[in-house]
Amino acid sequence: MTEKLVINFTVNGEKEEKEVIIGQTLLKFIRDELHLTGTKEGCEIGECGACVVLLDGKPVNSCLILGVELDGKDLITIEGLSKNGELDRVQKAFIDHAAFQCGYCTPGMILAARALLDRKPNPTDEDINEALSGNLCRCGAYQEIREAVKASAEKK
Amino acid sequence: MADLKTVGTSVPRKDAIEKVTGSAEFIEDRYMGPMLYAKMKKSTVAHGKIKNIDTTRALKHPGVKAVLTGKEYPNRIGLYLIDRTFLAVDKVRFWGEPVAVVAAVTEKAAAEAVDLIEVEYEELPGVFDPREGMKPDAPIIHEDLANYEIVPIFYPEKGTNIANHFKVRKGDIDKGFAEADKIIERDYYVPQMQHVPIETHKAAVQWSLDGKLTVWSTAQSPNVVRQLLAKSLDMPMHKIRVISSYIGGGFGCKAGASIEGLLVPIAQKFPGHIVRIVFNREEDMQGTFTRQALYSKLKTGVKKDGRITALQYEMVWDGGAYTEYGVNIVRAAGYSSTGAYDIPNVKTDSYCVYTNNSIGGPVRGFGMCEMQWGIERQLEEIARELGMDPLEVRLINGMKKGSTTASGQVIHDLDYDKCLKVVADKIGWGKKEESRDGKYRGKGIAGLVKCPAQPSNAASSAMIRINEDGTAHVMIGATEMGQGMLTAISQIASEALHIPVDKIDIKVPDTDFTPYEWQSVGSRITYTCGTSVKRAAEDALGQIYRVAADLLETPQEDLSFDGKKVFSAKNPDLTATIREVADSCKKCTGEGIAGPIIGRGSFVPTNMTNLDPETGQGNPGLFYCFGATGVEVEVDPETGVVKILQLACSIDAGKAVNPQLCTAQLHGGTIMGLSTALYEEVRFDKGIMLNRNFTDYKIATIDNTPHMDSFIVETPETNGPYGARGIGEQPMIGVAPAIANAVSDALGVDFNTFPLTPERVWQAIKNKK
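Chains as they are written, first to last, in my numbering: chain A, 1 to 156; chain B, 157 to 925.
Bear in mind the hints are in silico, worked out from the structure with no lab data behind them.
Among these hints, one or two may not hold up.
To be clear about the criterion: a stretch of chain B counts as covered by chain A if any three or more of its residues have a C-beta under 8 Å from a C-beta of chain A, and this derived list gives those stretches [unchecked claim]: (1) 635-646; (2) 824-837; (3) 857-864.
A virtual CB, placed ideally from N, CA and C, is assigned to each residue, including glycine.
Isolated chain A, as found in the complex (with noise of 0.2 Å):
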């Protein structure tokens, strides 16, 4: 009934081989199959930022992907930030500026937190508000994120 690919791909510096289901979406992939439930669902349709993951080191909703498209590809979730049991400094920053409340839209937060910071090693306010701005946080820990990004910036 349901068809299914081989794919084979690195999640968090691990090789993988797995099936993955025709039409599933990267989001559901990464949740149900491969247990990494860091990663959230808010919208599925790319209006939130809450599935946010590292592609290849770059930030894509991952409920817009499918997963067969992480086929040859190095996936970067939130359980892979941190590095024997150290936390990323974006992660320090975030806990020393409290820039976050409920927590649900922090992994996505933080992970595009980083991908800028990879990309910008010293960002602008301007620069933050551009990257972070498809990740919404009801809470409105907006000034706090800014903060944060801006702390691990700082901390080379």
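Assemble the complex: chain A is given as a structure, and chain B must be docked to it using the hints.
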């Protein structure tokens, strides 16, 4: 309170590591067992009789396990006015009302089967404006209103669409207007908005063969879910277990009980299975509470010196199709109807009216944003009419120590003047900025107040278990939806127990294990749960001293506890560790003294009363929290775009338990207020919600978040834990009127409604010319 150690410090959030690493568990993240997925069939008409529901094809669809309709499951539910069924029974009352639910082995099969259900309706004339709904010839939406069970502090009017009529009669309104030099009267309108937490509503239920119902829910109150399900299903409470996870934002929409009960009959057919429902974004926007629209008429009488002598407020609320919760918003807005001002003569009529729009319900502010929009706009008009400074008018009429509210409650712990002055100073009040580059500049200010709108018997409780090594577990029934409750409550426990905050464990609730908490609503948890926890800590500490006194054979009053050991101030050799206290024996004989230490504390308000049904007089407020917002704007007359140049906010927190998290709430509420002020409005066309996603319903993003300056004022709340009061909702209240006042100042035009979209502002400029 000079030597507080933990309260008043910005310790990191208890949930910090979990939330930045993606390991924080939300309901959908948990593997629970074999699953069935539920999906709702929704009404395609706003008001109509259900003639027939044909589920034959859906039941035959591969993967489908069950289909349930309202005929088979007509149980009612509601918090204050029990007017709602889980599924529509004989008629539908709003577009998108659930009429059937399907459970299947996959979400896809459930969704496909929903499309195979055929429903035949006989459409009825609808009510889409509550003012029309109040007319004698309006179609009646709830024919059985008079027979509904209701908490007897609400006043529905038989045979009408009025679900509650709340009255305030304070002083002598005629005398008040007679004394006035000027009378100002205006209509205001506040449209519906949606909470849109990024996590939608979700619930899962499991029935076990021994008749135990387990519920996982995004609800803000597991205890209220349990209470309402017990009543609706006629089950004893010990057979219902409600488990909370972290909640991805609530803002009121997850208060009460909504979707959990929908799944119970299906779960009963498949014991052991987990039946889960996850609302998609559209379902979440359309099928859960919206903020009730408010149509109001406000009339004030004022003397030449700026003093308000009379206020007459008529509020007509769009309660939507069901008002089981909304009736209380209407009540709260009524008893608070003078806002942050002390006005001697008041006549208020606040009506909750059924319509065929989406269900109205609680949203951050609980009626205060809508009601105080009128007050804070009218103060601006009063100032202009009298040629006075709007800040001055607010300071003259603003509540002070000993002032009375609309309901006659005397307020003691406040410094509203200071809240106003700090934001005014910050934005350079009184210094008019010239327009630049053809753009107009203006400044605006607005005040705010809110008390928790909770029943006078809304209780709270806590338990603290002290481990053998001197660490502790705090057990409470409050939920963590972002507000930082886990952290603030741990700090209060730490302060009272003398145990460092990092040695205190605290978790989200599970009704089988955690003690009762009414609801995490109304900005009440810091106060109510905080008081319970403080009492539980004091109880535990008292036990520690009593046992240690016995063990060390020394008077209790000589003992101190430093978080590690109990010691005598007089004899440093007399010490006992918590382990020694927890399984203490007399040194000489080995006879036991006491076992492990468990502290308990509970709280119920003692300062609240019922209100007189005719005059609305009495004490409805557990505490009153004041604040203010100040704004400077720049308006582009070519485009109508409002740019925020300065945004300052203040809140009188009593005592900020955690200043960093208190500021985060202040900012978050201000941003939500800004978002409603400039962007948000739910649009309906004959009950059909038109903007049901984030593309059509815009909320503030980081790129339209201006820098905010925030001020925490600390006038201690006499009975609050360490002087604290709740502040979560309040910061939102003043933002929309402050922005509108600033735009009015810039353009010289008035706005009686918001959001101030470019189109609306541009139109106002055009109309003026």
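Hints versus structure:
no.: 1; hint: 635-646; in the structure: holds (count 4)
no.: 2; hint: 824-837; in the structure: holds (count 6)
no.: 3; hint: 857-864; in the structure: holds (count 6)
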